[in-house]
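Residue numbers (my numbering), protein chains in the order written: chain Y, 1 to 482; chain D, 1 to 92.
Hints are computed from structural coordinates only; laboratory data are not their basis. Do not take every clue at face value.
Residues on chain D that point at chain Y, a partial pick, calculated with CB under 10 Å [to be verified]: (1) Gly11; (2) Gly12; (3) Cys13; (4) Asn14; (5) Arg19; (6) Cys23; (7) Leu50; (8) Gly52; (9) Arg54; (10) Glu59; (11) Tyr78; (12) Pro79.
For each label pair, taking beta carbons as the anchor points, the in silico distance ranges come out as [as the list claims (entries may be wrong)]: (13) Met449(Y) with His39(D): 40 to 50 Å; (14) Pro396(Y) with Pro2(D): 33 to 43 Å; (15) His39(D) with Lys142(Y): 35 to 45 Å; (16) Gln56(D) with Arg375(Y): 29 to 39 Å.
Yeah, the Cβ is synthetic: ideal placement off N, Cα and C, and Gly gets one too.
This is what each chain is made of:
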Amino acid sequence: MALMTGDEYVESIRRLKMKIYMFGETVDNPVDNPILRPSLNSVKATYDLAQLPEHADLMTAKSHLTGKKINRFCHIHHSTDDLVKKVKMQRLCGQRTASCFQRCVGLDSFNSVFSTTYECDRKHGTKYHENFLEFLKEAQEKDWTVDGAMTDPKGDRGLSPGRQADPDLYLRVVERRKDGIVVRGAKAHQTGICNSHQVLVMPTIAMGPEDRDYAVSFAVPLDAENLFMVIGRQSCDTRKLEGSDLDVGNREFGGVEALVIFDNVFVPNERIFLNGETDFSGMLVERFAGYHRQSYGGCKVGVGDVLIGAAALAAEYNGAHKASHIKDKLIEMTHLNETLYSSGIACSCEGSETASGNYLIDLLLANVCKQNVTRFPYEITRLAEDIAGGLMVTAPSEKDLRHPRIGPYLDKYLRGVASTPTEDRLKIMRLIENLTLGAAAVGYRTESMHGAGSPQAQRIVIARLGNMERKKALAKNIARIK
Amino acid sequence: MPKRVFVKYCGGCNPHFDRRALCLKLRTALPQLEIVEAHPENEHDFVAVLCGCRAQCAEHSELRGRSGKKLISAAGDYPLLEESIKKALLSD
Chain Y
1 MALMTGDEYV
11 ESIRRLKMKI
21 YMFGETVDNP
31 VDNPILRPSL
41 NSVKATYDLA
51 QLPEHADLMT
61 AKSHLTGKKI
71 NRFCHIHHST
81 DDLVKKVKMQ
91 RLCGQRTASC
101 FQRCVGLDSF
111 NSVFSTTYEC
121 DRKHGTKYHE
131 NFLEFLKEAQ
141 EKDWTVDGAM
151 TDPKGDRGLS
161 PGRQADPDLY
171 LRVVERRKDG
181 IVVRGAKAHQ
191 TGICNSHQVL
201 VMPTIAMGPE
211 DRDYAVSFAV
221 PLDAENLFMV
231 IGRQSCDTRK
241 LEGSDLDVGN
251 REFGGVEALV
261 IFDNVFVPNE
271 RIFLNGETDF
281 SGMLVERFAG
291 YHRQSYGGCK
301 VGVGDVLIGA
311 AALAAEYNGA
321 HKASHIKDKL
331 IEMTHLNETL
341 YSSGIACSCE
351 GSETASGNYL
361 IDLLLANVCK
371 QNVTRFPYEI
381 TRLAEDIAGG
391 LMVTAPSEKD
401 LRHPRIGPYL
411 DKYLRGVAST
421 PTEDRLKIMR
431 LIENLTLGAA
441 AVGYRTESMH
451 GAGSPQAQRI
461 VIARLGNMER
471 KKALAKNIAR
481 IK
Chain D
1 MPKRVFVKYC
11 GGCNPHFDRR
21 ALCLKLRTAL
31 PQLEIVEAHP
41 ENEHDFVAVL
51 CGCRAQCAEH
61 SELRGRSGKK
71 LISAAGDYPL
81 LEESIKKALL
91 SD
């Protein structure tokens, strides 16, 4: 079963007995919960698209472990072509869901843990790579969605993990046993965790020898004992409970984040991928962050494609589409969006082979990519709001539109061009609202800012890899300075 | 047994035309041929590679058509494709 269908994926998640809290209550059936279901549908799309011949080139790959056809979200990149295809696949998934489809974080953790465990084993004589290969083989065979979990709560940002007032503010090993370890802590902002089969945990920062217990990487199923999650709120989230297709903007798809708590979770030896080797914590973090910063050059571009299309339709629906300033704004949005894509593609083309044989993106260009993503979607949303006009935040509800007495008035007074039904105009307004300040803005705006690391995290890498001495030497040479 | 045309697609990240619609057009225009979109074996009479843009990134180097292969990357190239298939498979 190397490729699950979307329906098989949904049923596989249904079988997991996860402990999920939302609005102060346990969620017994997350699969059919109206708040959570759109996010599950986004992951489901990654399975559905893999079944279609017109997307198979991007959505599937050949496993280097088994030779079988697998979903690319479970693939280990073995060429720059693989890296490029990853970005294209993400653009496609963003276009089809207009939301975060959640599965790239697993792909990025697979590839970073793959190469880091290989190098760790070579130095320390550990068996983590072997452990990881077994895990990966199972993930590919069962077509798992895996949540790559990196971000610890971090407490006082001025203190290292071991110096925090509460030692659990970074996830750590609290007990080492013959058959495994027991871990305690939490991972924050975990995208798609309630839609995943497994969680692959990684440390969140480079660490020194004193933080040995915090340098830990492992995988456990989401229904592991003593693991539970608390769903994060999104703006307009409870609109999904109202039963209105129109008012939610994107009825089918969405994203989800949660705080996941490991309250003394047992991890068997065979699922441990790092356990105290602090000198490899930084490598793992840097590689995961690099891959994930590359990801944003694909996924957000796909969502941007939808938003640009929505803005163009909004202009057509109110008759403003021929105005030169509208055309220019759409050009600017496209320019910004394709610039994001350019750096996603560039860091992939400039990728290189690691000691383990998989391919790593160019880290400088991947960080430049993500740095752009912390800015451009904000400008794209600003322009979309400009084109849409105030109606995107003042339009009455679907119930008003359907009301026998006031509905006809709304139909009359909220119409733009005569040939476009008022309802269609309102649908586009709600989609723009959804992406710019509704539930999907979590994924398109703030996730663009902070996902895969906040802007300053990229600037640190850019400063380190920017080759400033070479630039100074070039200037000296031209200026004839000895 | 009808001659078989295998339609191979690029991944479709940002296509400039509807590639599947073009495949359907091919089916309608050439009903005497079997037009398949997925086939495990590399035994086809003709391979039609439909790329959504000029990047032409479809993986087709290992695909062989006994009577030929044609790649197109714009909707306007459709007549050339149809003509190539007719010439290769239906000329006698």
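Here's how the hints hold up against the structure:
1. Gly11: 3 Å, holds
2. Gly12: This hint holds: Gly12(D) lies near chain Y, its Cβ roughly 5 Å from the closest one there, short of 10 Å.
3. Cys13: 4 Å, holds
4. Asn14: Asn14(D) check passes; min Cβ-Cβ to chain Y is 7 Å, inside 10 Å.
5. Arg19: Hint on Arg19(D): holds, closest Cβ of chain Y at ~6 Å, below 10 Å.
6. Cys23: 8 Å, holds
7. Leu50: 8 Å, holds
8. Gly52: Hint on Gly52(D): holds, closest Cβ of chain Y at ~9 Å, below 10 Å.
9. Arg54: 14 Å, violated
10. Glu59: With a minimum Cβ separation of about 6 Å from chain Y (threshold 10 Å), the hint on Glu59(D) holds.
11. Tyr78: 16 Å, violated
12. Pro79: Because about 21 Å separates Pro79(D) from the closest Cβ in chain Y, which is outside the 10 Å limit, the hint is violated.
13. Met449(Y) with His39(D): 40 to 50 Å: 46 Å, holds
14. Pro396(Y) with Pro2(D): 33 to 43 Å: 57 Å, violated
15. His39(D) with Lys142(Y): 35 to 45 Å: Violated - the Cβ-Cβ distance for His39(D) and Lys142(Y), about 26 Å, lies outside 35 to 45 Å.
16. Gln56(D) with Arg375(Y): 29 to 39 Å: Cβ of Gln56(D) to Cβ of Arg375(Y): about 32 Å, so the range 29 to 39 Å holds.
This entry does not satisfy hints 9, 11, 12, 14, 15, going by the numbered hints stated previously.
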